[in-house]
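Novice: Sequence:
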Amino acid sequence: MRQDPALVNASIERVVVHKISKIWEFHFVFSNILPIEIFLELKKGLSEEFSKTGNQAIFEIKALSQEFSNELLQAYYKEAFSEG
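So the sequence shown is numbered by UniProt numbering: it starts at 1 and just counts up by one.
Simulated from the structure, these hints should not be mistaken for lab results. Where hints are given, some of them may not hold.
To be verified - Here are the simulated BS3-like cross-link-like pairs (lysine-lysine), alpha carbons at most 30 angstroms apart as the crow flies:
hint : residue 1 : residue 2
1    : K19       : K52
2    : K62       : K52
3    : K44       : K62
4    : K44       : K78
5    : K19       : K44
6    : K19       : K62
7    : K62       : K78
8    : K22       : K52
9    : K78       : K43
10   : K62       : K43
11   : K44       : K22
12   : K78       : K52
13   : K43       : K22
14   : K62       : K22
15   : K19       : K43
What the hints assert, rightly or not - Pairwise CB distance ranges, derived in the manner of DEER restraints:
hint : residue 1 : residue 2 : range
16   : E71       : V17       : 30 to 40 angstroms
17   : V8        : G45       : 13 to 23 angstroms
18   : A80       : D4        : 16 to 26 angstroms
19   : V15       : I38       : 12 to 22 angstroms
20   : E67       : V17       : 27 to 37 angstroms
21   : I36       : E13       : 14 to 24 angstroms
22   : K22       : E67       : 29 to 39 angstroms
23   : E13       : K44       : 17 to 27 angstroms
24   : V29       : T53       : 19 to 29 angstroms
25   : F68       : K19       : 17 to 27 angstroms
26   : V16       : Y76       : 18 to 28 angstroms
27   : I20       : L72       : 34 to 44 angstroms
28   : S69       : H18       : 15 to 25 angstroms
Keep in mind the model is a prediction, meaning the values are calculated, not measured. C-beta atoms are modelled at their ideal positions from N, C-alpha and C, and glycine is treated no differently.
Put together the whole structure using the sequences plus the hints.
Specialist: Below is the structure:
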């Protein structure tokens, strides 16, 4: 994942650590909307790594470009409604 072109020029805008609830809140900025595969890998990786230490990771993503395909929209739509 680290070598993926979608991650070029990516940055972490800020990290907020909620000590009592043990939640780490990440704010990422990417050039473009992430391909769904990269988004899911990021989501899974953060969740798995932080749960090892009894913490939880949540994140927000900003994309500088708002261009996307109908296919990408459908993939995110499906992901949004698959969570329960």
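Novice: Does each hint hold? Answer for all of them.
Specialist: How the hints compare with the structure:
no. : hint                           : result
1   : K19 to K52                     : holds (16 angstroms)
2   : K62 to K52                     : holds (27 angstroms)
3   : K44 to K62                     : holds (18 angstroms)
4   : K44 to K78                     : holds (17 angstroms)
5   : K19 to K44                     : holds (22 angstroms)
6   : K19 to K62                     : holds (25 angstroms)
7   : K62 to K78                     : holds (20 angstroms)
8   : K22 to K52                     : holds (12 angstroms)
9   : K78 to K43                     : holds (15 angstroms)
10  : K62 to K43                     : holds (15 angstroms)
11  : K44 to K22                     : holds (18 angstroms)
12  : K78 to K52                     : holds (28 angstroms)
13  : K43 to K22                     : holds (17 angstroms)
14  : K62 to K22                     : holds (23 angstroms)
15  : K19 to K43                     : holds (21 angstroms)
16  : E71 to V17: 30 to 40 angstroms : holds (36 angstroms)
17  : V8 to G45: 13 to 23 angstroms  : holds (18 angstroms)
18  : A80 to D4: 16 to 26 angstroms  : holds (22 angstroms)
19  : V15 to I38: 12 to 22 angstroms : holds (20 angstroms)
20  : E67 to V17: 27 to 37 angstroms : holds (33 angstroms)
21  : I36 to E13: 14 to 24 angstroms : holds (22 angstroms)
22  : K22 to E67: 29 to 39 angstroms : holds (37 angstroms)
23  : E13 to K44: 17 to 27 angstroms : holds (21 angstroms)
24  : V29 to T53: 19 to 29 angstroms : holds (25 angstroms)
25  : F68 to K19: 17 to 27 angstroms : violated (36 angstroms)
26  : V16 to Y76: 18 to 28 angstroms : holds (24 angstroms)
27  : I20 to L72: 34 to 44 angstroms : holds (37 angstroms)
28  : S69 to H18: 15 to 25 angstroms : violated (36 angstroms)
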